[in-house]
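Undergrad: All the letters of the sequence shown, read from the start, carry residue numbers 1 to 296 under my numbering.
In short, the hints are calculated from the structure, not lab data. None of the values given here were measured: they were computed from a predicted structure. Check each hint, because a few of them may be wrong.
Unchecked claim - Distance condition first, Cα-Cα at most 25 Å in a straight line; then the derived BS3-like pairs of lysine-lysine:
1. K74 <-> K176
2. K74 <-> K143
3. K81 <-> K176
4. K81 <-> K143
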Amino acid sequence: MQVLLTGGTGLIGRHLIPPLIETGHSITVVTRSPERARQLLDPRVTLWQSLDEHPTLDGFDAVINLAGEPIADKRWSATQKQRLCQSRWRITQRLVEMIHTSNQPPAIFLSGSAVGFYGDTGDEVVTEEDTPHNAFTHELCAKWEAIALQAQSPHTRVCLLRTGVVLAPDGGMMSKLLPLFRLGLGGPLGDGHQYLSWIHIDDMVNAIIWLLDNPLQGPFNMVAPYPVRNARFTQLLGEAVNRPAILRVPARVISLMMGESATLVLGGQNALPRRLEQSGFGFRWFQLEDALQNVT
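Whenever a hint applies, use it, and build me the whole structure from the sequences.
TA: Here's what the structure looks like:
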């Protein structure tokens, strides 16, 4: 297939491109920094600096939209909230417009989202059919998904990737946690009871390829089948690096440091990948301890 990819230099994109190329697909990456992309990506990848120079997506079989400002890197000021939203909504809207103006639109549009769609659900188990709790992350993801669904037609199927915390050895949350845990400075956040819905990068990539290859559509929770509480996660991460993980960070300290964005670590989702499993997708990494041993 001819595949257009946004967010290709991000954590998921960098891991997704090699297996796509190895299986014969041709990849075009949209990036604001072609020089950086050339250093990071396979030289066989075609680079576009902007979508504005291309009025349609004729010639592409699939579009994978992973672009967006990192959500946990900065406090959620009003300006940062707007940046988080617009970095997702604008490019998704542009892709939808290009799909609509194509004489032969892509058959597949896979568009990013997050389990933050559900808000902070506490202990409640959530699948793709459950009602979300209102929160900023829900508002961000709900509009993001609604824009993407505008591309749905008899010619184009749309899949929404409600992604959890991606575990990988070379980026994402692990790149921030591992230095602390290797120094013995890790521990539970707040009371440690909040759920963490996680997925190993291998399963994330394989699930995206599964959605490309099978006639599926709608929302999919891109998470492993067994979410864990934060206290269990930190315990297992400490064991993976052979260090104690007992330095609990009080919730009030996290709230002072992060402001409203503290909900990302003090709240959580007990999300299950029901629709992926029902479709026949098989996870490689079920148990968190095995996944953490692999990425550390």
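Undergrad: For this structure, which hints from the list above don't hold up?
TA: Going through the list in order, the structure violates no hint and respects every one.
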